[in-house]
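Each protein sequence line maps, in turn, to chains P and X.
Each residue of the first sequence is one higher than the last, beginning at 6 in my numbering.
Each residue of the second sequence is one higher than the last, beginning at 995 in my numbering.
Just so you know, these hints were derived from the structure itself, not from any lab.
There could be a bad hint or two in this list.
DSS-like mimics (lysine-lysine), calculated; alpha carbons at most 30 angstroms apart, straight line [stated by the list, open to error]:
1. X:Lys1011 x X:Lys1051
2. X:Lys1051 x P:Lys49
3. X:Lys1065 x X:Lys1089
4. X:Lys995 x X:Lys1011
5. X:Lys1098 x P:Lys19
6. X:Lys1089 x X:Lys1051
7. X:Lys1098 x X:Lys1011
8. X:Lys995 x X:Lys1051
9. P:Lys62 x P:Lys14
10. X:Lys1098 x X:Lys995
11. X:Lys1098 x P:Lys62
12. P:Lys62 x X:Lys1065
13. P:Lys62 x P:Lys19
14. X:Lys995 x P:Lys49
15. X:Lys1065 x P:Lys49
16. X:Lys1051 x X:Lys1098
17. P:Lys19 x P:Lys49
18. X:Lys995 x P:Lys62
19. X:Lys1065 x X:Lys1098
20. X:Lys1089 x P:Lys49
21. P:Lys62 x X:Lys1011
22. P:Lys62 x P:Lys49
23. X:Lys1065 x X:Lys995
24. X:Lys1098 x P:Lys49
25. X:Lys1098 x P:Lys14
26. X:Lys1089 x X:Lys995
27. X:Lys1065 x X:Lys1011
28. P:Lys49 x P:Lys14
Computed footprint of chain X on chain P, listed as stretches where at least three residues anywhere in the stretch have a Cβ under 8 angstroms from a Cβ of chain X [unchecked claim]:
29. 47-58
30. 110-119
Far from chain X by the CB rule (all over 10 angstroms, computed), these chain P residues [stated by the list, open to error]:
31. Pro13
32. Glu84
33. Leu85
None of the values given here were measured: they were computed from a predicted structure.
Positions of the beta carbon are idealized from the N, C-alpha and C atoms, including for glycine.
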Amino acid sequence: NAGVTQTPKFRILKIGQSMTLQCTQDMNHNYMYWYRQDPGMGLKLIYYSVGAGITDKGEVPNGYNVSRSTTEDFPLRLELAAPSQTSVYFCASTHRSAGGHEQYFGPGTRLTVT
Amino acid sequence: KNQVEQSPQSLIILEGKNCTLQCNYTVSPFSNLRWYKQDTGRGPVSLTIMTFSENTKSNGRYTATLDADTKQSSLHITASQLSDSASYICVVSAKAGTALIFGKGTTLSVSS
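So here's chain P without its partners, still in its complex pose (with noise of 0.2 angstroms):
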């Protein structure tokens, strides 16, 4: 049972350029959440899905997309990066709703865009 796993760890990204964070959970967890964690700041969520096929904003969404196919797996999807998308992206899941169960967290992704 290896949890919540994220891919890469660290990414150097151009401004423009694009990419795909990776996130996949093994504990058939409904709901999964993308977070940014900026310096000295708390955790901000950036969208969240409850099950498979289903997706949405969080509070801070522009510039991100989701998707949902499976029940394991939950990419976030930068299309055209920005210095200020440098910054450390967790992805999170729970079996029910985050409000009221246990959440999960992955080791992170180091993204910087220069």
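Knowing the structure of chain P, use the given hints to seat chain X on it.
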């Protein structure tokens, strides 16, 4: 506005000493409050989750308290160890849904 404020921002203590971290929140309606430990370069890991009716919960050397009337919580660490060096994040759920409000964290450094 829903907010979670933590203090102090950072703290340095000697190994073996106790310490207490504070969390004040203005989140409403309140569902639950949780404390996470985040090691450098890792994702947050849950320490405790408390609902409105719980005023204390322990996890080993970690004890969290909650005063829902004053909207304050504390995390007490007993007999600190070097491995306790991390960021401790207070998170409040606004309702039994997806909304979690994260504090900025308190960075704890335990030295020998």
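To see whether the hints hold, each was checked on the structure:
Simply put, lysine 1011 of chain X and lysine 1051 of chain X have alpha-carbon atoms about 20 angstroms apart, close enough for the 30 angstroms limit, and the pair holds. Restraint check for lysine 1051 of chain X and lysine 49 of chain P: satisfied, since their Cα atoms lie roughly 26 angstroms apart, inside the 30 angstroms limit. A C-alpha spacing of about 15 angstroms is found between lysine 1065 of chain X and lysine 1089 of chain X, which places the hinted pair at or below 30 angstroms, so the restraint holds. With a C-alpha separation of about 36 angstroms, the suggested pairing of lysine 995 of chain X with lysine 1011 of chain X is violated against the 30 angstroms cut-off.
The hinted pair formed by lysine 1098 of chain X and lysine 19 of chain P meets the criterion: a straight-line CA distance of about 28 angstroms does not exceed 30 angstroms. For a cut-off of 30 angstroms, the pair hint linking lysine 1089 of chain X to lysine 1051 of chain X stands: about 20 angstroms separates their Cα positions. Between the alpha carbons of lysine 1098 of chain X and lysine 1011 of chain X the distance comes to roughly 24 angstroms, so the proposed pair stays at or under 30 angstroms and holds. Taking the CA atoms of lysine 995 of chain X and lysine 1051 of chain X, the gap is about 27 angstroms. The hint holds against a cut of 30 angstroms.
Taking the CA atoms of lysine 62 of chain P and lysine 14 of chain P, the gap is about 24 angstroms. The hint holds against a cut of 30 angstroms. Distance restraint check for lysine 1098 of chain X and lysine 995 of chain X: the Cα-Cα separation of roughly 16 angstroms lies within the 30 angstroms cut-off, and the hinted pair is therefore satisfied. Simply put, lysine 1098 of chain X and lysine 62 of chain P have alpha-carbon atoms about 22 angstroms apart, close enough for the 30 angstroms limit, and the pair holds. Taking the CA atoms of lysine 62 of chain P and lysine 1065 of chain X, the gap is about 28 angstroms. The hint holds against a cut of 30 angstroms.
Taken as a hint, the lysine 62 of chain P and lysine 19 of chain P pair is honoured in the structure, with Cα atoms around 25 angstroms apart against an allowance of 30 angstroms. Straight-line distance between C-alpha atoms of lysine 995 of chain X and lysine 49 of chain P comes to about 15 angstroms, which keeps the hinted pair within the 30 angstroms bound. This hinted pair checks out: lysine 1065 of chain X and lysine 49 of chain P have alpha carbons roughly 22 angstroms apart, not beyond 30 angstroms. Between lysine 1051 of chain X and lysine 1098 of chain X the alpha-carbon distance is near 22 angstroms, which keeps this suggested pair within the 30 angstroms criterion.
Annotation: proposed proximity of lysine 19 of chain P to lysine 49 of chain P holds, straight-line Cα distance about 23 angstroms (limit 30 angstroms). With a C-alpha separation of about 19 angstroms, the suggested pairing of lysine 995 of chain X with lysine 62 of chain P holds against the 30 angstroms cut-off. Our distance criterion of 30 angstroms between C-alpha atoms is met by lysine 1065 of chain X and lysine 1098 of chain X, whose separation comes to about 17 angstroms. Proposed proximity of lysine 1089 of chain X and lysine 49 of chain P is supported: the alpha carbons are some 17 angstroms apart, at most 30 angstroms.
Taken as a hint, the lysine 62 of chain P and lysine 1011 of chain X pair is broken in the structure, with Cα atoms around 43 angstroms apart against an allowance of 30 angstroms. With a C-alpha separation of about 11 angstroms, the suggested pairing of lysine 62 of chain P with lysine 49 of chain P holds against the 30 angstroms cut-off. Simply put, lysine 1065 of chain X and lysine 995 of chain X have alpha-carbon atoms about 14 angstroms apart, close enough for the 30 angstroms limit, and the pair holds. Straight-line distance between C-alpha atoms of lysine 1098 of chain X and lysine 49 of chain P comes to about 10 angstroms, which keeps the hinted pair within the 30 angstroms bound.
Under the criterion of a C-alpha separation no larger than 30 angstroms, the hint pairing lysine 1098 of chain X with lysine 14 of chain P is consistent with the structure, at around 22 angstroms. Distance restraint check for lysine 1089 of chain X and lysine 995 of chain X: the Cα-Cα separation of roughly 14 angstroms lies within the 30 angstroms cut-off, and the hinted pair is therefore satisfied. A threshold of 30 angstroms between alpha carbons decides the hint, and for lysine 1065 of chain X with lysine 1011 of chain X the separation of about 27 angstroms falls inside it, so the pair holds. Only pairs whose Cα atoms come within 30 angstroms are accepted, and lysine 49 of chain P paired with lysine 14 of chain P is accepted, the gap being roughly 19 angstroms.
Figure legend: the stretch 47-58 of chain P, annotated as covered by chain X; annotation consistent (6 residues with Cβ-Cβ distances under 8 angstroms, at least 3 required). For a cut-off of 8 angstroms, the count of residues in the stretch 110-119 of chain P with a CB near a CB of chain X stands at 4, and the three-residue condition holds. At roughly 14 angstroms, the least C-beta separation between proline 13 of chain P and chain X is larger than 10 angstroms, which holds for a residue marked as non-interface. For glutamate 84 of chain P, the requirement that its beta carbon stay farther than 10 angstroms from each beta carbon of chain X is met, with the minimum near 24 angstroms.
Taking the minimum C-beta to C-beta distance to chain X, about 27 angstroms, the non-interface status of leucine 85 of chain P holds against the 10 angstroms cut.
Figure legend: structure checked against the earlier numbered hints; hints not met, in rising order: 4, 21.
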